[in-house]
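Each chain is listed here by its residues.
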Amino acid sequence: MTRKKLTRRQFIAATALSSAALVTAPYVRGAHAAGKLSIGFWDHWVPGANKASTDIVNEWAEKEKVEVTIDYIPSQGNKNLLTIAAEAQAKSGHDILAMPTWWPHAQAELLEPMNDVVEGLIKQNGEVNGTVQYLGKAGNKWLGVPACVGSQIKGPCSRIDLMKQHAGIDVQAMYPAGSAPKADGWTTDTFLKAAEACHKGGVPFGIGLGETSDSVDTVGAFFLAFGAEVVDAKGNVVVKNDNVRQALEYYKKLMAFLPSDAPSWDDGSNNRWLVSGRGALIMNPPSAWAVAKRDAPQIAEQCWTHGFPVGPKGRFAPFLPYFWSVWSFSKNKPAAKSVLTRLSQPDAVEKMVAASGGYDLPAFEKLTTLKTWAEEGPPKGTLYHYPNPHKHQLLSISASPAPPKVAQQIYTQATLTKMCVRFYRGEPMEKTLAWAEGELEGFMRS
Amino acid sequence: MADVAIERNAAPRTGRKRASLRTALKRKSTAAFLMTLPLILLILLLVIYPAFYSLHLATLNKSMQRFIGLGNFQFLFKRETFWLVVEQSCIFAITAVVFKALIGFIVAHFVHNIPAKGQRKWRGMLLVPWVIPPAMSTLAWLWLFDPSYSAFNYLLAGIGIDRIPWTGETGWARFSVILVNIWFGAPFFMIMYLASLKSVPDQLYEAAAIDGANWWQRIWYVTLPMMRNIIAITTLFSLIVTFANFDIVRILTAGGPLDRTHMFATWAFRIGIEGGDIPLGASVSLFMVPILAIAAVFILRDINKRGNES
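In the order they appear, the protein sequences are chains A and V.
Residue numbers are given in the working numbering: position 394 of the first sequence equals residue 394, and the series is strictly consecutive.
Numbers given in the working numbering equal positions in the second sequence, counted from 1, plus 1000.
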């Protein structure tokens, strides 16, 4: 066997060539030249809805040469909250994490400012509503990008036939598909009368009084309709005021017409109430209607999603936004911001809204008139008013305008529903208020 | 045997070291230690570290940026809901353990008296509630207690009894969570008591029968004294597990209505994870430690005393 001898010149030439190749290699645009990105999205209720986000992200990743991994984290059993808490403690995890309502504020110190992304999107897609600003901004810092996926309004979903039959209310005429609401007469008093009539007719309104989100959101919107603040924007406990007393009196009257077991309802109870045909109205995003469409089509055909009744201080509807936040310890912030910008483009939003059957709501005002809501059915137009296209009601969240970290405690401890239940069960008004005051003072910890 | 080493020169010392290592490895205690080492490491990692970490968390302020010593505990002591949770945890744990012990004791006697041939089937069937993961079986109970579609209420309606708000009224909700806990935990008592019953020598009963003891005297003077240790250990173990219960309450009532079924663990979760106040949540969960430690000291001391007497 002969052995080829390497000359000194050949050796130097080979070394120089390989060094040049090694030095220039990072600038060659390989399959994943722009690094890695891990995303924790909320796992959607609607079957197939995750696919829309996956497709948009994959398409972006291919173009930008980023290696992306996506985890869909469910909110059942609070797995998403546990993930947020664990990653915040470990200061390690996904680069982007979907955070519901209160969580951007709860983790504000650990989140990357997203001003450059959100301000650009506002210029492009229009303003965001006050609740998104309240929940997504700490001072001048945007804590996340308002996400379309998972954001929802929990407005009334009424049975057209039962409301006509028992309360004499034509919800379709009040909220016609394709045009502005004619709902001046849809007041809290009318609502109460309708609740009484439907109760007498054996189809009570299905409004929960438990400690889960749906119950808390509804009572919060009614409190705001009466101007009933329990903690003001500066963080002062102001629960002992006449507006709160008025709201409690109102809710006491309303509770008499609700199912007797409402204090033990969870977020699934109202859905079941509607789908089983036992009630004339629930407060929910269109997920209950979507289930009815599958399991009880004759009931779904009679459902109409519309606005809240107006109270002495205005018309408020609960809006629960999700945010896509980037951890300050994220290893690929430029890529994270780039993909979030992509996900917030009108065409991407339209795809996600369509994939969710109209459940998901973009926060930007120019994106509330997509064709999905106009066309979904049966009955056609049932979701037209769901995204509040005519800004007919103020989108709000229970316990606002208290500072978000205090409001989060009020919300999760369900202080407002507990006040209503205590008062309804015979506790004197002042005792209920004193109890609430004690609780609220406890929420002021920093 | 003692290892004695006399230092003379370097070479034999190395050889002797190897020999003593070999001897050490051959010792039963070393083998036992090595075999339990994975478990010790696991406990260190999953129990000891989190325990100390939660101690550390409990000394921080809400935003976890400042050390506040016992500030969280001082805060809790002033909260009405905290004392409500303490009271409920005690009611829940004591009631559930008493009934589990009672039912376990009675059923163990029944099973003990079944002829050996059919006993295995009964033992297996009675253990079913304890074998099913509680998160799963509680879901079934949740449907049975469902506010609007309760199967129990359907049956009650069939015999003309009005609907019961199983999880909607304070009293009924407490009853429901305790009932499910008893259903889940009684088989554990039953199997422990059954094992204990089987180890009571028949001669003692024969002697008692010759002395003219009736069934109650046989239980009081023979069975119970012979089962004392197992009763004490089972009670302690169950008390700890019941006090720290999370899944049953969380699934069935989530602490409601009006916080009237919250236990330490569920309230800690509500505050710490859902409410975002991890230090306060850690403090709530740590509050179980002194209560259970006192119970453990009393019960174990009694067992030691009896152990020494025997």
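Some hints could be false.
Stated by the list, open to error - The following residues of chain A were derived to be distant from chain V, with all beta-carbon distances above 10 Å:
| hint | residue |
| --- | --- |
| 1 | E64 |
| 2 | P74 |
| 3 | W102 |
| 4 | Q124 |
| 5 | T187 |
| 6 | G210 |
| 7 | P259 |
| 8 | S287 |
| 9 | P312 |
| 10 | F329 |
| 11 | L394 |
| 12 | K405 |
| 13 | P428 |
| 14 | M429 |
Unchecked claim - Subject to a maximum C-alpha distance of 20 Å in a straight line, what follows is the list of computed EDC-like cross-link-like pairs (lysine to aspartate or glutamate):
| hint | chain 1 | residue 1 | chain 2 | residue 2 |
| --- | --- | --- | --- | --- |
| 15 | A | K253 | A | D170 |
| 16 | A | K79 | V | E1080 |
| 17 | A | K380 | A | E350 |
| 18 | A | K137 | A | D170 |
| 19 | A | K391 | A | E365 |
| 20 | V | K1078 | A | E437 |
| 21 | A | K331 | A | D116 |
| 22 | A | K141 | A | E127 |
| 23 | A | K252 | V | E1169 |
| 24 | A | K337 | A | D170 |
| 25 | A | K431 | V | E1080 |
| 26 | A | K240 | V | E1080 |
| 27 | V | K1078 | A | E441 |
| 28 | A | K79 | V | D1247 |
| 29 | A | K79 | A | D267 |
| 30 | A | K351 | A | D55 |
Hints in this document: simulated from the structure, not taken from any laboratory.
Note that the Cβ used here is the ideal one computed from N, Cα and C, for glycine as well.
Each hint, compared with the structure:
Look at A/E64: its CB is around 34 Å from the nearest CB on chain V, clear of 10 Å, so calling it non-interface holds up. At roughly 15 Å, the least C-beta separation between A/P74 and chain V is larger than 10 Å, which holds for a residue marked as non-interface. For A/W102, the shortest C-beta to C-beta distance to chain V comes to about 7 Å, within the 10 Å cut-off, and the non-interface label is violated. The claim that A/Q124 is not at the interface with chain V holds, since no C-beta of that chain comes within 10 Å of its own (minimum 32 Å).
Interface exclusion of A/T187 from chain V stands, the closest Cβ pair being 29 Å apart, more than 10 Å. With a cut of 10 Å on Cβ distances, A/G210 falls inside the contact zone with chain V, its closest approach being about 6 Å. With a least CB separation of 7 Å from chain V, A/P259 falls inside the 10 Å interface cut-off, contrary to its annotation. At roughly 18 Å, the least C-beta separation between A/S287 and chain V is larger than 10 Å, which holds for a residue marked as non-interface.
A/P312, annotated as away from the interface, keeps every beta carbon of chain V farther than 10 Å; the closest lies near 28 Å. Remark: the non-interface label on A/F329 is consistent with the geometry, its nearest Cβ contact in chain V lying 15 Å away (cut-off 10 Å). Every CB of chain V is more than 10 Å from the CB of A/L394 (nearest about 26 Å), matching its label as outside the interface. Against chain V, the non-interface label of A/K405 is violated: not every CB pair exceeds 10 Å, the least being about 8 Å.
For A/P428, the shortest C-beta to C-beta distance to chain V comes to about 16 Å, beyond the 10 Å cut-off, and the non-interface label holds. Chain V leaves A/M429 outside its interface by the beta-carbon criterion, the shortest separation being 16 Å against a cut-off of 10 Å. With a C-alpha separation of about 23 Å, the suggested pairing of A/K253 with A/D170 is violated against the 20 Å cut-off. As the CA atoms of A/K79 and V/E1080 are separated by approximately 29 Å, the hinted pair breaks the 20 Å bound.
For the proposed pair A/K380 and A/E350, the alpha carbon gap of about 18 Å is at most 20 Å, so the pair holds. This hinted pair does not check out: A/K137 and A/D170 have alpha carbons roughly 40 Å apart, beyond 20 Å. Straight-line distance between C-alpha atoms of A/K391 and A/E365 comes to about 9 Å, which keeps the hinted pair within the 20 Å bound. Pair hint V/K1078 plus A/E437 holds up; C-alpha atoms about 13 Å apart against a cutoff of 20 Å.
Taken as a hint, the A/K331 and A/D116 pair is honoured in the structure, with Cα atoms around 18 Å apart against an allowance of 20 Å. Distance hint between A/K141 and A/E127 is fulfilled; the C-alpha atoms sit about 16 Å from each other, no more than 20 Å. For the suggested pair A/K252 and V/E1169, the alpha carbons sit about 17 Å apart, so the restraint of at most 20 Å is met. Taken as a hint, the A/K337 and A/D170 pair is broken in the structure, with Cα atoms around 46 Å apart against an allowance of 20 Å.
Under the criterion of a C-alpha separation no larger than 20 Å, the hint pairing A/K431 with V/E1080 is consistent with the structure, at around 14 Å. Restraint check for A/K240 and V/E1080: satisfied, since their Cα atoms lie roughly 19 Å apart, inside the 20 Å limit. Distance restraint check for V/K1078 and A/E441: the Cα-Cα separation of roughly 11 Å lies within the 20 Å cut-off, and the hinted pair is therefore satisfied. Between A/K79 and V/D1247 the CA atoms are separated by roughly 15 Å; this keeps the pair inside 20 Å, and the hint holds.
A hinted pair counts as satisfied when its Cα atoms are at most 20 Å apart, and A/K79 with A/D267 qualifies at roughly 16 Å. Straight-line distance between C-alpha atoms of A/K351 and A/D55 comes to about 10 Å, which keeps the hinted pair within the 20 Å bound.
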